[in-house]
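There are 2 protein chains.
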Amino acid sequence: MNLYKRRNKANSRFSLSAFIGIFSLFLCSVSYAADPLPSWNDGTAKTAIGEFIAAVTEEGSKDYIEPAERIAVFDHDGTLWVEYPMYTQLLFAFERVKELAPQHPEWKTTQPFKALLEGDMKTVGASGMKGLMEIVVATHSGMTAAEFEMEASRWLATTKHPKFDRLYSDCIYLPQLELLAYLRSSGFKTFIVSGGGIQFMRPISEKNYGIPREQVVGSNAVSEFQIKDGNPVLVRQPKIGFVNDKAGKPVGIYEHIGRRPVLAFGNSDSDMEMIEFTMGGEGRRLGLFVHHTDADREYAYDRESHVGTLDKVLDQADAKGWIVVDMKRDWQTVFPPE
Amino acid sequence: MNLYKRRNKANSRFSLSAFIGIFSLFLCSVSYAADPLPSWNDGTAKTAIGEFIAAVTEEGSKDYIEPAERIAVFDHDGTLWVEYPMYTQLLFAFERVKELAPQHPEWKTTQPFKALLEGDMKTVGASGMKGLMEIVVATHSGMTAAEFEMEASRWLATTKHPKFDRLYSDCIYLPQLELLAYLRSSGFKTFIVSGGGIQFMRPISEKNYGIPREQVVGSNAVSEFQIKDGNPVLVRQPKIGFVNDKAGKPVGIYEHIGRRPVLAFGNSDSDMEMIEFTMGGEGRRLGLFVHHTDADREYAYDRESHVGTLDKVLDQADAKGWIVVDMKRDWQTVFPPE
Numbered sequence: 326m327n328l329y330k331r332r333n334k335a336n337s338r339f340s341l342s343a344f345i346g347i348f349s350l351f352l353c354s355v356s357y358a359a360d361p362l363p364s365w366n367d368g369t370a371k372t373a374i375g376e377f378i379a380a381v382t383e384e385g386s387k388d389y390i391e392p393a394e395r396i397a398v399f400d401h402d403g404t405l406w407v408e409y410p411m412y413t414q415l416l417f418a419f420e421r422v423k424e425l426a427p428q429h430p431e432w433k434t435t436q437p438f439k440a441l442l443e444g445d446m447k448t449v450g451a452s453g454m455k456g457l458m459e460i461v462v463a464t465h466s467g468m469t470a471a472e473f474e475m476e477a478s479r480w481l482a483t484t485k486h487p488k489f490d491r492l493y494s495d496c497i498y499l500p501q502l503e504l505l506a507y508l509r510s511s512g513f514k515t516f517i518v519s520g521g522g523i524q525f526m527r528p529i530s531e532k533n534y535g536i537p538r539e540q541v542v543g544s545n546a547v548s549e550f551q552i553k554d555g556n557p558v559l560v561r562q563p564k565i566g567f568v569n570d571k572a573g574k575p576v577g578i579y580e581h582i583g584r585r586p587v588l589a590f591g592n593s594d595s596d597m598e599m600i601e602f603t604m605g606g607e608g609r610r611l612g613l614f615v616h617h618t619d620a621d622r623e624y625a626y627d628r629e630s631h632v633g634t635l636d637k638v639l640d641q642a643d644a645k646g647w648i649v650v651d652m653k654r655d656w657q658t659v660f661p662p663e
Numbered sequence: 326m327n328l329y330k331r332r333n334k335a336n337s338r339f340s341l342s343a344f345i346g347i348f349s350l351f352l353c354s355v356s357y358a359a360d361p362l363p364s365w366n367d368g369t370a371k372t373a374i375g376e377f378i379a380a381v382t383e384e385g386s387k388d389y390i391e392p393a394e395r396i397a398v399f400d401h402d403g404t405l406w407v408e409y410p411m412y413t414q415l416l417f418a419f420e421r422v423k424e425l426a427p428q429h430p431e432w433k434t435t436q437p438f439k440a441l442l443e444g445d446m447k448t449v450g451a452s453g454m455k456g457l458m459e460i461v462v463a464t465h466s467g468m469t470a471a472e473f474e475m476e477a478s479r480w481l482a483t484t485k486h487p488k489f490d491r492l493y494s495d496c497i498y499l500p501q502l503e504l505l506a507y508l509r510s511s512g513f514k515t516f517i518v519s520g521g522g523i524q525f526m527r528p529i530s531e532k533n534y535g536i537p538r539e540q541v542v543g544s545n546a547v548s549e550f551q552i553k554d555g556n557p558v559l560v561r562q563p564k565i566g567f568v569n570d571k572a573g574k575p576v577g578i579y580e581h582i583g584r585r586p587v588l589a590f591g592n593s594d595s596d597m598e599m600i601e602f603t604m605g606g607e608g609r610r611l612g613l614f615v616h617h618t619d620a621d622r623e624y625a626y627d628r629e630s631h632v633g634t635l636d637k638v639l640d641q642a643d644a645k646g647w648i649v650v651d652m653k654r655d656w657q658t659v660f661p662p663e
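So the sequence lines, in the order shown, correspond to chains A and B. Under the numbering used here, think of the first position of the first sequence as 326, with each following residue one higher. Under the numbering used here, think of the first position of the second sequence as 326, with each following residue one higher.
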């Protein structure tokens, strides 16, 4: 009965069901004949991915993993989309400060808002994580969850990355889209597990990555249930709820998914705990990091970077068996065609 | 490509895929010819459920809902399994106090532990929600998440309900199992949304209800990522994290699922906010409550009950269009055969 349920989620028509059976049979032959990762160059990383997926999906293999346990988690910023020179969500927050400034006259004299409104980004940066958090909290609260998502969607659908002249929401990595699709067609359930705000990512997760909203794990603001003008809504409060970063990532994973992943993909030291938690499970596991080495096609940054610092990972990767993906060497193409 | 991905999650074999196509075609015809809810008596509730599912799944219907948005949420205690005369998780916590007492000599002189160890349940009850929470926190922390789940599973697999002489984990409602299966075969994704502990429910959610672990939303303890004897684990802290009850339920739903459900099923005033949130969305919705009216086959309790109080719901159901399911009248059978 289980297969029946799974296969009939999308429709309840008999003839359509039969048609799709035959159609998927056709697609299978095509897909398995072709390389599922055409944007990945041959090399250690591509080989490791292929061998891992083959080993855990082949029935009778000593590394076989039941479909229900095939959980793959991906960091977002710098792993699935561009995070340089600044996290996209922070740029959105900066824009919101300018938009909301008329309603907040106090910002003219309060840091870091004052500096931001004056374009003094050095002072904004000097305010550190505390200052940046204040900006995020102030600009992401006092509205319903639905209103916030509408604002985020609007901004993402209209704002371009200066280097690539494409929408921020289109600055996503083609090799990762292929990997996500390959994993799903191999029975994996794919999740985003990011330090970014859960509600900032959800409006784009399905369209960008084929990852449904309920498979996005992230940081959150405390929200409150209210009846507003007769409508039951959730209102975002000016208070951080959970920070899904570093040692918070395994906690967020366990809270949302309730299983230890078998594959995890990150790009910075902030993803180390998530990778350790993944690799610490019994049976075969795979842990990967994107190393941004491509100043021409994207960016080159690692140990000294202010975003996506990749330092301890580089020191420990070999000893711990983590795969470091060299963007310049391993990715034949970076972005999908527009 | 979407259909292809969806339909090939479970396997990557061509011939198997073709076989299943034909097999599911066969199952479809069988399943649609028969009554999907044989344990429900004909009446308002059964009719409302049937009409709702037909309306939202029929393409072209004005009430049609896309499969991705077909989210159905179910409370746990009293909605999917027995909660009387005491919430199952509390009984587990009481047992744990007795087991752990030798390691906690201070409990001999501290309330409500002292009363519990002396079997003075009146004093335990008088300690109220605060006292009960202290018991839960003390007995559910200081161990890894995996250890806790093992304890809960062991207890659930060995402890019987005194009235029904069946395991607590088997005191589940057959009509609800049918409804869950019917919803899933109609393209719905089913979730548990309970005030109970998320880790207490997850070990049984798949086996009991066909609901995978990642589709369980509940209250939680704060947990912490640690490396223990070289193993990366999550350790449960003696601190309540989130209480997924009353106005917390819509918050938990939004946090975990990120969508407003279209069907919600509860059994007490604690589920009102969840139902209101569900019914508040645009388009067709269904909100239901189990009314425990069957003293013979299960229990009869409502307005004055110390567990699962159903009072305001009964006053407001008609005006708000909520369906009150009368267990005695609407359910032909209560429990599945053992």
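It is possible that part of the hints are untrue.
Remember, identical chains collapse to one label, so a pair may be satisfied in a single copy or spanning two.
Stated by the list, open to error - With a straight-line cut-off of 30 Å between C-alpha atoms, the simulated DSBU-like cross-links for lysine-lysine are:
1) Lys571 to Lys433
2) Lys371 to Lys439
3) Lys387 to Lys532
4) Lys553 to Lys637
5) Lys423 to Lys564
6) Lys564 to Lys488
7) Lys455 to Lys564
8) Lys571 to Lys553
9) Lys645 to Lys423
10) Lys553 to Lys387
Rather than coming from a laboratory, the hints here were simulated on the basis of the structure.
Each hint, compared with the structure:
no., hint, verdict
1, Lys571 to Lys433, "neither (34 Å within a copy, 41 Å between copies)"
2, Lys371 to Lys439, "neither (48 Å within a copy, 61 Å between copies)"
3, Lys387 to Lys532, "between (36 Å within a copy, 25 Å between copies)"
4, Lys553 to Lys637, "between (48 Å within a copy, 20 Å between copies)"
5, Lys423 to Lys564, "within (21 Å within a copy, 39 Å between copies)"
6, Lys564 to Lys488, "neither (34 Å within a copy, 47 Å between copies)"
7, Lys455 to Lys564, "both (13 Å within a copy, 25 Å between copies)"
8, Lys571 to Lys553, "between (36 Å within a copy, 17 Å between copies)"
9, Lys645 to Lys423, "neither (45 Å within a copy, 43 Å between copies)"
10, Lys553 to Lys387, "between (56 Å within a copy, 27 Å between copies)"
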